[in-house]
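Asks: What follows is the residue order along each chain.
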Amino acid sequence: SQQGEEDPQALSIQEGENATMNCSYKTSINNLQWYRQNSGRGLVHLILIRSNEREKHSGRLRVTLDTSKKSSSLLITASRAADTASYFCATLKAAGNKLTFGGGTRVLVKP
Amino acid sequence: GAVVSQHPSRVICKSGTSVKIECRSLDFQATTMFWYRQFPKKSLMLMATSNEGSKATYEQGVEKDKFLINHASLTLSTLTVTSAHPEDSSFYICSALPGGSYNEQFFGPGTRLTVL
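So the sequence lines, in the order shown, correspond to chains A and B. Going by this note's numbering, the first residue of the first sequence is number 1, and it counts up by one from there. Going by this note's numbering, the first residue of the second sequence is number 1, and it counts up by one from there.
No wet-lab data here; the hints were simulated from the structure. One should not assume that every hint holds.
[Said to hold, decoys possible] No more than 20 Å apart at the CA atoms, straight line, and that leaves these computed lysine to aspartate or glutamate pairs for EDC-like:
hint, chain 1, residue 1, chain 2, residue 2
1, A, K98, B, E63
2, B, K41, A, D83
3, B, K14, B, E87
Kindly generate the complete structure, drawing on both the sequences and the hints.
Replies: Here's what the structure looks like:
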């Protein structure tokens with residue numbers, strides 16, 4: 001079963017608005033990663049946050065991690081139509097090298 | 001850098017045939033590669049971990065005789081779907097882990113398999 005659960009499952013916003021999606025997980029992790037997937041394509045790595053980090057920024061992306069709540073959030077600021085995609089969180093357990101993916105959030109940014 | 005390719009990108013085959021999908025790391029060596037399966041509008045499900053020079057490790061519920069994995073070199077892993085049936089139709093994605101890394105995996109563009 002998937003360790004990560006994401007909400008919302010789908011999100012529809014206007015261009016320029018911010019998009020926030022959340023990810024929860026169950027076990028101890030080494031790091032948590034966010035990926036983007038355009039329809040029918042492979043995954044693009046967005047950002048990695050380690051278990052000892054609480055917040056990370058990359059361009060218009062902001063990721064938070066709360067290990068006490070076993071949750072993470074991804075914020076996309078000033079969204080663009082090109083941000084339309086599915087976004088997945090994936091956790092790397094404290095031991096091992098396998099990623100476990102969340103269910104994903106489908107984001108639609110309307111121009 | 002860190003590019004992973006997959007071939008073919010799309011394949012349509014008849015039921016009962018076998019299909020081979022290649023995953024290559026183009027500019028780095030990958031001692032470990034992973035194979036995932038993704039159904040429409042669903043997340044990625046890990047099928048197996050492919051280790052160079054040794055047998056693949058399959059996830060629970062994945063038939064190793066159905067999905068043959070060979071990782072013959074540090075830059076190539078292959079997934080062969082044997083005796084494919086319509087229920088095997090899916091999007092198959094590989095990823096590669098650079099040697100010595102336990103962090104970022106690099107994903108291939110995926111292969112769309114349709115079994116008629």
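Asks: Which numbered hints turn out to be false for this structure?
Replies: Failing hints: none at all.
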